[in-house]
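Asks: Sequence:
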Amino acid sequence: MNVSSGRSARRFGISPMALTYPASDIRKMFTLAQDRPEVVKLTVGEPDFPTPEHVKEAGIAAIRDGDTGYVANAGIPELRDALAAKYGARWSRDLTAENVVVTVGAMEALTLALDSVVSPGEDVLVPDPAFPNYYGQLHRLGARAIPVPAREEESFKLRAADVEAALTPQTTAIILNSPSNPLGSMMDADDV
1 MNVSSGRSAR RFGISPMALT YPASDIRKMF TLAQDRPEVV KLTVGEPDFP
51 TPEHVKEAGI AAIRDGDTGY VANAGIPELR DALAAKYGAR WSRDLTAENV
101 VVTVGAMEAL TLALDSVVSP GEDVLVPDPA FPNYYGQLHR LGARAIPVPA
151 REEESFKLRA ADVEAALTPQ TTAIILNSPS NPLGSMMDAD DV
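Going by full-length UniProt numbering, the sequence shown opens with residue 1, and the numbers climb by one from there.
There could be a bad hint or two in this list.
Claimed, not checked - Derived CB-CB ranges, DEER-like: (1) S116 to G88: 15 to 23 Å; (2) D81 to P120: 33 to 41 Å; (3) D81 to S116: 21 to 29 Å; (4) K56 to M107: 21 to 29 Å; (5) S116 to A165: 39 to 47 Å; (6) D190 to A62: 40 to 48 Å; (7) K56 to H139: 35 to 43 Å; (8) K28 to A58: 31 to 39 Å; (9) M186 to V40: 14 to 22 Å; (10) I76 to E53: 39 to 47 Å; (11) V71 to M186: 43 to 51 Å; (12) A58 to A106: 20 to 28 Å; (13) L167 to A58: 18 to 26 Å.
To be clear, the hints were calculated from the coordinates, so they are not data collected in a lab.
Model, not experiment: these values are computed from the prediction.
Yeah, the Cβ is synthetic: ideal placement off N, Cα and C, and Gly gets one too.
Using the sequences and the hints given, assemble the complete structure.
Replies: Here you go:
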């Protein structure tokens, strides 16, 4: 199958969005770094410590007990209750399980959040540099990513003045990521 042109690709069912999805160079970086021990690898968030024993035991017990099926779409109710209680207390908010959705990871959470508030043609402010998948998510929605510089002299935190300067009449969201991916910088309440 020749999918070199948009027209022939569409004939085979490949969407224009998929054909123009912004490619990430992360795999190229993996390859370049793999044989260089002097390179500090800040790529995939793999822990540098073993899985704790109690976590392994809980997984084994779940398998042994047959607790391996699907759960409720928004997550296990008891987990949602516990998360609502924990973060409600932390943030002094009246949260319930109805305010909590458990996702399989940050990308699913980001996808759900962006799907909820962003429409085609709207702008979303994104830290620069940023996790490449932010751009793909916004492309998928037909939105524009507006970069906001994370400056070294500001410890790679976004400055309010830069955020304000980047705002447009079409801005509907600002992606704040702390700790930053890929920089690792942390924002505190005063920064936000």
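Asks: Using the Cβ atoms, figure out if D81 sits within 33 to 41 Å of P120.
Replies: For D81 and P120 the Cβ distance comes to about 37 Å; the hint holds.
Asks: Taking 43 to 51 Å as the stated bounds, is the beta-carbon spacing between V71 and M186 within them?
Replies: violated (32 Å)
Asks: Measuring from beta carbon to beta carbon, are A58 and A106 in 20 to 28 Å?
Replies: Since A58 and A106 have Cβ atoms about 22 Å apart, the given range 20 to 28 Å holds.
Asks: State, for the Cβ atoms of L167 and A58, whether the hinted interval 18 to 26 Å holds or is violated.
Replies: Given about 46 Å between the Cβ atoms, the range is violated.
Asks: The hint says 40 to 48 Å between D190 and A62; measuring C-beta to C-beta, is that right?
Replies: Because 42 Å falls inside the window, the suggested range holds.
Asks: Lying within 35 to 43 Å: is that true of the beta-carbon distance K56 to H139?
Replies: holds (39 Å)
Asks: Given a hint of 31 to 39 Å, does the C-beta separation of K28 and A58 actually sit inside it?
Replies: holds (38 Å)
Asks: Between S116 and G88, does the beta-carbon spacing fit 15 to 23 Å?
Replies: holds (21 Å)
Asks: Check the following: the C-beta atoms of S116 and A165 are separated by a distance inside 39 to 47 Å.
Replies: Cβ of S116 to Cβ of A165: about 26 Å, so the range 39 to 47 Å is violated.
Asks: Quick one: are D81 and S116 within 21 to 29 Å, going by C-beta?
Replies: Holds, at about 23 Å.
Asks: Is 21 to 29 Å a correct range for the gap between the Cβ atoms of K56 and M107?
Replies: holds (25 Å)
Asks: For the pair M186 and V40, does the Cβ-Cβ distance stay inside 14 to 22 Å?
Replies: With a Cβ separation near 18 Å, M186 and V40 satisfy 14 to 22 Å, so the hint holds.
Hints 5, 10, 11, 13 from the earlier list are contradicted by this structure; the remaining hints agree with it.
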